[in-house]
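**Student:** Protein chains in written order, with this note's numbering: chain X, 1 to 1083; chain U, 1 to 482.
Keep in mind that the hints were calculated from the coordinates and are not lab data. All figures in this text were calculated on a predicted structure; none of them were measured in a lab. Heads up, the beta-carbon is just placed ideally off N, CA and C, and yes, glycines get one too. Do not take every clue at face value.
Every beta carbon over 10 angstroms from chain U, so not counted as near; a handful from chain X, in silico [to be verified]: (1) T79; (2) E113; (3) P188; (4) A229; (5) P303; (6) G407; (7) Y638; (8) R924; (9) R974; (10) R1040; (11) T1050; (12) H1059; (13) E1063.
A partial selection of chain U residues facing chain X, derived with a Cβ cut-off under 8 angstroms [unchecked claim]: (14) Y59; (15) L69; (16) A72; (17) P75; (18) H96; (19) S112; (20) F184; (21) A213; (22) L380; (23) D382; (24) Y438; (25) V440.
Below, in silico cross-link-like pairs of lysine to aspartate or glutamate (EDC-like), each with a Cα-Cα straight-line distance of 20 angstroms or less [unchecked claim]: (26) X/K431 to U/E33; (27) X/K466 to U/E446; (28) X/K431 to U/E446; (29) X/K109 to X/E18; (30) X/K109 to X/E215; (31) X/K648 to X/D605; (32) X/K445 to U/D35; (33) X/K859 to X/D793.
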Amino acid sequence: MTATYVPLWCKSNGSFLEGASHPEELVLEAARFELPAIAVTDRDGVYGIVRAHVTARDEHVKLIVGAEVTVGAETPAETASRIVLLAADRRGYANLCRLLTIGRQRRPKGQSEVSWSEVCAHAEGLLALWGGEGSVLVRPGADPDAIARPIGEAFGDRLYALAARHHRDTEVTEEARLRARAARYGLPVVAAVEVRYHDRARRPLQDVLTCLRHEVTLHTAGRRLAPNAHHALADPAAFAARFADDPAAVARTLDVAARASFSLSELRYRYPAERVPGGLTSSAWLHQLAREGLRTRFDGAVPASIAAQLERELALIDELDYGGYFLTMYEIVAFCRSRSILCQGRGSAANSIVCYALGVTAVDPRRIDLLFERFLSKERDEPPDIDLDVMHERREEVIQHIYEKYGRSHAAMVANVVRYRPRSAVRDVGKALGVPATSLDRLAKLLSHYGEIDEDALRHAGLDLKAPLHRHLVELSRALLDAPRHLSIHPGGFLLGHEPVHDLVPIENATMEGRTVIQWDKDDVEAVGLFKVDILALGALSQLDRCFRLIDTHGGPHLSMATIPEGDADTYAMITCAETIGVFQIESRAQMSMLPRLKPENYYDLVIQISIVRPGPISGGMVHPYLRRRDKEEPVVYPHPSLEPVLKKTYGVPLFQEQVMRLAIVAADYTPGEADQLRRDMAAWRRSGRLERHRERLITRMQAKGIAPEFAERVFQQIRGFGEYGFPESHAASFALISYAASYLRCHFPAAFTCALLNAQPMGFYSVATIVEDAKRQGVEMRPIDVLMSEWDATLEPAAVDGDRETGRHGGRPLQEVGGTGQMRETPTEAVGASGARPAPAVGQTPAWAVRMGLRFVKGLSEAAAARLVAARVADGPFTSIADAARRADLDEGTLRRLVGAGAFDTVDQSRRRALWEAPVAAREARQPLVLPGAEAVPGFLPLDAGEAVAWDYAASLHSVRGHPLAALRPALRRLGLPDARGVRQRRPGAVVRYAGLVICRQRPATASNVTFMTLEDETGFVNVVLWERVFDAFPVLARTASWLGVTGTIESKHGVMHLIAERLWMPEGVPPPDPIASRDFR
Amino acid sequence: MDRLACVDVPSLPLQLLLRTRPAWRAGPAAVVEADRPQALVLFVNAAAHRTGVRVGQRYAAALAFAADLQAAPVPASVVDEGVGRIVERLRRYSPHIEPASESPGVFWLDASGLDRLYPRLDDWAEAIRADLAADTFVARVAVGTTRFGVYALARSARAGLVICADPAAERDAVERVSLGKLDFDPDVLSRLRVLGVETVGDFLQLPASGLAARFGADVAAWHRRASGVDWSPLVPVPAGDPLDRQVHFDAPVRDVDRLIFPIKRVLDAILVAAARRAHAVHAIHLTLVLDNRTTVRECVRPAAPSLDAVSLVSLVRLRLDTLSLPAGVVTVRVGAGASATEPQSGHLLPRGMRDPERAHRALARVRAELGETRVVSARLDDAHVPALQFTWVPCERVPATASPRVVAARSLVRRFFPSPVPITHAEAAHIVRRMGPYDVSSHWWENGVSRRYGFARTEDDDLWWIYTDGRAAYGWRQGRVE
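With the hints as constraints, model all of the structure from the sequences given.
**Tutor:** Encoded structure:
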């Protein structure tokens, strides 16, 4: 038998832009060669070791954890060197992580450097392999004495001379030098290859990565590229042959491997202990808080079943020792409350009564039956996962609070590894190959964001697949897919530790100021049993917070998430009419189409609504059966009596991820742990095909329980569908609270809701123009940007009185009491059908509010200039002219032009053209100490007509409260026989209609079989257009790009939802094209 | 009445691009400012325009409109060359041509005094258009009386030709021209449009002083030109003063002495012409037309640009002496490459032991005698394959100073053979020891090189530098070690 060996110096693609193989590939190749162990030693990091660890555990290969560490030059004359460090034990691993943290935090992102003295200071528990190209030990003329002595003393017999052979021309002399010096210092020589890829076929990819790292092309890379392909993982025979003259050095690899006994499974994680009142343990403090919290939640009358469930949860939390985690979440939520930062827990935490009692989540367990095992299970022995949504604009305060409370050494953010996708792979490989950038851009645009690199796209881009250059481009881009590109920050994941985090994993600087990040992503963190705290930003909470404050400060009731009245009939009536623009989660075109069919009447209907319009239920074929059963159009049947409790609340149709897990437990006898694994595999099935291994098990076991094979197969297909994007009930339950709150505010406080929504932009699905038009249709008086009135944000102003109405202005709605609650709301108006216009609102005696658009909506206007303008107005009164404003607020020409363009000076000078002509001179003279009165003749300019005024508004602020761009064109459109949206809605199903409108939204969901949905708008509302693939292909340019579009199609209407099924697209002729609304395309 | 004409070759850079890439004409094509996705689109063809691609978009954005949009940058040198080419063609129709310096593709021509050749100006203009079309350039021509007028009319000529005989009619026509047709800065144009200023007539309604204050001096200058306040005469480009001459022989000449005297005579004339331009000759191009209808071309370069006839003639003579002509010479064409001279003051300084000028002169004589490519030096290249680690490049100048490396002990030296030599069976038998190997496998993206290098000691104690690559049974000798 051939003597074996252990590769001790292997870099995975976790060595960014250097290693060309995934860590799993290295381990699998080692297993194929029957190597007893393999070391993964990424450059200045441990990026690849978790993936390697998981694979090594499955393949029964020992993983040696280490890193190649860059050591800075001691003197200016020297160059940087490197040393390979392997963890012999837990202490050594901690030292390695600390050393890498020092190196990374000292240098800019992407670089690392430690000193020899720091290496020596962290030597305990580490094995050191010293050598390799460029090392002091092999460099001619270098004197390694100054280094050899201290590291010899620090490492003792754990220091080895590394003889690496790659058949380079200078290697023979370098190795001779290394051996001589090793002999001088008494270092044993160990054989190695610097492995950069698992198979020599990856050598071209490694060359490309080298080019990318050095920002050169293959033609100019020269000796930055390796001279040959001898950096592959060698099989034992080849390795022995390469070191045939020194078998002892080969055998010594086994000795080193035996000494490197540390495994990642040794990591023991302790959650940081929270400060608790004297005399209490963490557990007792948690129990006390939870019980008190629950009593508060239920006003002292806690139902027995809820109390019992709380005790069960607390017992399990004690048993698993997760008390600290819950206390941390409690502390963060308490911090948010103390600072009036709106937050709400979601995710599987919503399944927990403890979380509800602590105020972390807000889903009342009486309102919904959730699966606690989805959150925490003893069998699974996995950390809980609590996602805390925090209002978008104040999340950074929470993040900095966590850093401050736990310290930089005990808190760091989880990384997000940005990986190569088709577009980025093609761009980078092409750059290295020297393909023209414009060709690459054309190709990249034809590729999908995810998935494979399609050869058809290359052909369409005009590339010749027979040309060697283009073949290399395809093959190497495919090989590069999924390789790490660089590290970024997880949206909100924090790793907190009782012990310093840098003993678990190195911490490095993030690009963003004030952030530090660990070297593992969330999957790695989860795989090694650590747990993170997720602090996520949610724009909808910002919007709600703004709305609550607006209502409060304008004489309305003091509302909060907790005090919004439940089950408001008007609110549900509005939701059923699909009047949901600006409402979190139920405002998309698809959601709005579903609302009139589902007709939500209560909170749980809203949970269903949020969950059902998802790729999972859609591709699983669950939507229509659910609706038919709900409408009693077909009987509710269960495939097996045992499944009735699982599927009863959704009429026998699985809609939630939790139901699929329960279904597996009940129907296929899955353990909760197996069910959770199923959940993970569902999420990853497309990437790894791991779901297939459940197929046989699920179907066989279901059949064994008497479930028909067809149903078993259908259930499996549904599970696959969930893999696309299944939605957990617990998520939907938390989101539904926010959706309801937003809907309530939209229904009863439309002016405040609109104002808050505008100020929270950018967020949601719709542009400012669409929000403004929608508010006008609700009867909200929208007022234009005005230098005499506007603040930076949109504001509320008292609405017009009757006299003003007669001049054409529309008032807002007055406040009235909310049914017996003592709270006030704006007077509701009559609910109308989807997108229909409302009648003019009634005017009451209480004040009503109009929305004044803010200066923030003027394109390109700086906040500083706006602040000067407002301050000058407040200080010295209204502006009398454009020159007056320029002088008092120190406005430059560009600012004046922007403001004039948006009509903000209309109340100062009614001629925008004249104001525009004056703006440059006004700006210049504002900065001159002495201006002599001039007698410049002012040319006569044509005044703007109504259509032009709207067009100018759109050009300068992307919206207009003065009118819709199509209103001015309506007579011309009418002459062409084209109806408005209201007219289209009045047509009967089956009628053929020609319609023209502005495209405000295009969507092409992956689940829609290449069907494209467009929403067209005019001054009277929306028309939903459906484009089948053949129509899209027949009119690709118009379908993809036109913002002003004519459609000929057939009306289809069902369940109150109307669509125009397009047959032909055209560009309306005979009318000038209006200035377009910015369309939100393909989001 | 003086007549002026303007020839507009619209989107000249795009026309030049499509001349070199005719396959792109069928689909959407554009000129971009640089070869990068975020480069601005500068010119588009009709097919691209139909899809929604517009000038001023980023190339990356334009692809959203036309996924098959082909684009490339056109360097300024190519545009200059194109302008020069068109100027030369236009010389057939007018002696005075002024290309617009800031609008490549616009040319003003003096159209006066052409009545005898072209009784009708329409014919003259049409001839220009047809001539440019024959060279694949699309052009529009306007004839009138004012510089701005013909420019504006050419830019807006839908039918391709505009002839304005009457100044009043010309003024009326110009006032109707849309400002968008002219080369206004796009930002200025959009600012004027929002003021409701769409045509030249609207523009002329604005006060010139107000324009200067608001839009800057350039726009005010446009106003003065359009209103006729500013007038500038035509500044024609001078026709090239030829620096070439030729000599015809009544009978074929083989004797160098008989060749050299007429060459010297024409060279003297060329040097005078060059001196008039303040130029000096840096190359002499000789074209010898032989009696057997073949042509021999030679180039001789002095050590530095020179007007010294004696040294130049001596270099020509050296070159002619090396030629072995198969037939007698019937015509000699002598052309000179000349460049502007720079003031020299080096001769005022004391000279050291090294005299680089002498070295340069010596190299020039070697080049003249042995050929242009015979004086070379090695340029080191960054590559793994030994044969690619250097390139011989022509040596133009010797270094001003020498910095010889002090070698303490002479080390082994690898001598490259001019080309690798296959090792024979007999030679292989003499090898007693091999050292190595080291491997070089490189350039997989092209044809690929894969060699296993090493050293071989022979029975005679020679040390060979060898490699194997599977193409020769016993490998190759790359060189030897001394």
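**Student:** The structure should be examined with respect to each hint, and the outcome stated for every one.
**Tutor:** Right, here's what the structure says about each hint:
1. T79: X/T79 clear of chain U: closest Cβ-Cβ about 18 angstroms, beyond 10 angstroms.
2. E113: Label holds. Min Cβ-Cβ 26 angstroms, cutoff 10 angstroms.
3. P188: Answer for X/P188: holds, closest chain U Cβ roughly 26 angstroms.
4. A229: 6 angstroms, violated
5. P303: With a cut-off of 10 angstroms, X/P303 remains clear of chain U, as the shortest Cβ separation is near 58 angstroms.
6. G407: Its Cβ never comes within 10 angstroms of chain U, the nearest being 42 angstroms, so this holds.
7. Y638: Holds, because the least Cβ-Cβ distance between X/Y638 and chain U comes to about 50 angstroms, which exceeds 10 angstroms.
8. R924: 8 angstroms, violated
9. R974: Holds, since 27 angstroms exceeds 10 angstroms.
10. R1040: Non-interface label fails for X/R1040: nearest chain U Cβ at 7 angstroms, not farther than 10 angstroms.
11. T1050: Non-interface label on X/T1050 holds, nearest chain U Cβ at 28 angstroms vs cutoff 10 angstroms.
12. H1059: Given that every Cβ of chain U is farther than 10 angstroms from that of X/H1059, nearest at about 26 angstroms, it holds.
13. E1063: 22 angstroms, holds
14. Y59: Because about 6 angstroms separates U/Y59 from the closest Cβ in chain X, which is inside the 8 angstroms limit, the hint holds.
15. L69: 7 angstroms, holds
16. A72: 7 angstroms, holds
17. P75: 14 angstroms, violated
18. H96: Not OK, violated: U/H96 not within 8 angstroms of chain X, min 39 angstroms.
19. S112: 38 angstroms, violated
20. F184: 17 angstroms, violated
21. A213: 6 angstroms, holds
22. L380: Check failed: Cβ of U/L380 comes no nearer than 10 angstroms to chain X, outside 8 angstroms.
23. D382: Since chain X brings a Cβ to about 3 angstroms from U/D382, closer than 8 angstroms, the hint holds.
24. Y438: 4 angstroms, holds
25. V440: 5 angstroms, holds
26. X/K431 to U/E33: 19 angstroms, holds
27. X/K466 to U/E446: Status holds; Cα separation ~14 angstroms.
28. X/K431 to U/E446: Between X/K431 and U/E446 the Cα gap is close to 16 angstroms, so the pair holds against 20 angstroms.
29. X/K109 to X/E18: Holds, because 16 angstroms separates the two Cα atoms, which is no more than 20 angstroms.
30. X/K109 to X/E215: 17 angstroms, holds
31. X/K648 to X/D605: 14 angstroms, holds
32. X/K445 to U/D35: Holds: X/K445 and U/D35 sit about 16 angstroms apart, inside 20 angstroms.
33. X/K859 to X/D793: 13 angstroms, holds
Going down the numbered hints, you'll see the structure goes against 4, 8, 10, 17, 18, 19, 20 and 22, while the others check out.
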